[in-house]
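Engineer: Knowing the structure of chain A, use the given hints to seat chain B on it.
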Amino acid sequence: MSNSNAGGSETLSSNVGLLGVLALLVGNAIAVPIFVLPGPLAGDAGPAIVVAALLAAIPASFVVLYNALLGSAMPVAGGLYVYISRLVAPFWGFLVPVTIPLVAWASLLITATGFAEYTQIFFDVSPLVLVYGLLAFTLFINVVGLRLVAQVQLVFFVGLLLALLTFIVPGATAVDTANYTPFFPEYGAFALAVVALFYPFLGFGLLIELGEEIDDPKRTIPLVLGLGIGIVAVVYVALIAVLVGVVPYTQLGGEADLALVASVYLPWWGEYVIAAGAIFAVVTTVNTTLLVFSRTLMRASRDGILPESLSHIHPRFDTPHVSVLALGLPPFLLVPIAGEIVGLSTFIGLASLTAYFFCAVGLWNLPREFPEHYANAPFRLRRSRGLLLAVVGGALTTACFWVITLLQQPIVGLVLLGWFVLAYGYYQYRLRKRDPSQLYLTMTSLDAHERVSDGSAGVASGRSHPRRSGRASTRDSPISAETFDAETAATRDDRDSVDPGSGE
Amino acid sequence: MSIGRFRDVPSEMDGVEREIAAAQYPEGGLVFGLASGVVAGMLTSALLLVTLPFVGALAGFAIGRQYRSYRLRQRRRTRESGE
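Top to bottom, those sequences are chains A and B. Note that the numbering used here has the first sequence beginning at 5, numbered continuously upward. Note that the numbering used here has the second sequence beginning at 722, numbered continuously upward.
What the hints contain is simulated information worked out from the structure, not anything from laboratory work. Among the clues, some could well be false.
Unchecked claim - Listed below are the simulated SDA-like cross-link pairs for lysine to any residue, each with C-alpha atoms no more than 25 Å apart in a straight line:
hint, chain 1, residue 1, chain 2, residue 2
1, A, K437, B, D735
2, A, K437, B, Y791
3, A, K437, A, P105
Next comes chain A alone, as it looks inside the complex (with noise of 0.2 Å):
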């Protein structure tokens, strides 16, 4: 549930080196909730968010881990939706494209907060007015299908980066140490700062997209798992400790501070200057935000486990209209609640995170039920070690952030669960509407243009799996329940019988 810009998925050539991965992933990962959380959350947090952040960047190392493995391995579209529902189960797959309308609405409603902030040090609006005019021109622009040539893409993201230059290196001499003391004033908004840190850093969803696209994926994944995280957590390092070394954080809990702050040490243009970076920000983000979001809709729709609206496209501006407006309009009544940034990060990064785990999951079970896949990956870890070592490490920042968020702001993890509930009754609604026994056959199978295609790979040609057989063969191969029943008719007799425990 990546809030990834994945525009630039599209200019691709066949393939990526080094550099251009490292420069699409760190350009996608700065971005506008970079501009707008240190504020409120230093004004809690204190200093101590330095840490937070580095902190976040772990949960954040597994998540491109995650991206890079099953990306390279299973290239498909649907993203984690098709990941978890295949790998894991129908269920924990479905609840990703439910669940990716909260954090599509909590996103917008942060990015529009960030614009109105920022927009107004240059015009005195309404802050009303600005919110409601991103969400509309975001919601236009994407149902329209209007999109930034790569060009004044790569213009506005450079002028993001000038303004985060101008903000840190000037910022570095006009530090004043004694602002770090106390360096933890509050332990319990420290965690929560963590939990909030991880949605900034979501931006490495990207590399899910490029997967079969990266030359060389072998040298070149590890590396930029490594790059991509040490430059973006430097820069967001760099960029707090400047902001609550500058002043002491009592005087901190604005979405605009980092302009503020920026006047303080630099000339009269320095905020505007950092204002027009948070804009560029804005700019870059909603460019295809929607867009990017409504694939997996489309996806699960195409499954039969979402309504088939999601997946019509427009006649004439050739988007997914059904799923944009499902995802842009429902922002318009949550407004009055855009001010709770802190909330809505830390929702975004704690549901974020639960599919990821799940993810995790899927990526322990990938070398068993899809073989080929993996054998075909060009990146892959040992199961027993490397791994093993991604899941367990998932699993354990999963749960640490679920207990910071029970504890600090138990109402978001409410919401959360209510909505997992909710989704179950309507997952059994869906699967009345339909014929539940093809359902789940599709919601466990492949695509046939997403199976290894090489004969010699197994999938194509039937070969067995090797524990089970046929399992590789009809996981990777969407057939009919009624071909399952007539394939496996002549021999339930005979499994029953061996097989009494099977309804336990």
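Structural biologist: Using the frame of chain A, we list chain B on its own:
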């Protein structure tokens, strides 16, 4: 998710098994148990807010498995009596 001797490989399931598997009772039970644990923890104490969701999730998953087994036996009985 491995679901024990209940075959989780679609090709090895018959129509009834797939229909019951599609309902995802253990997964639903886990979610209900987790949510119940959080609510119970919120109404009691912070310490229980950490432990009760975990206990609730385990209990919910176990109940879901039992219910799935029950539904499968029930469906098989119905099918056999129909034949």
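Engineer: Evaluate each hint against the coordinates.
Structural biologist: Here is what the structure says about each hint:
| no. | hint | result |
| --- | --- | --- |
| 1 | A:K437 x B:D735 | holds (20 Å) |
| 2 | A:K437 x B:Y791 | holds (23 Å) |
| 3 | A:K437 x A:P105 | holds (22 Å) |
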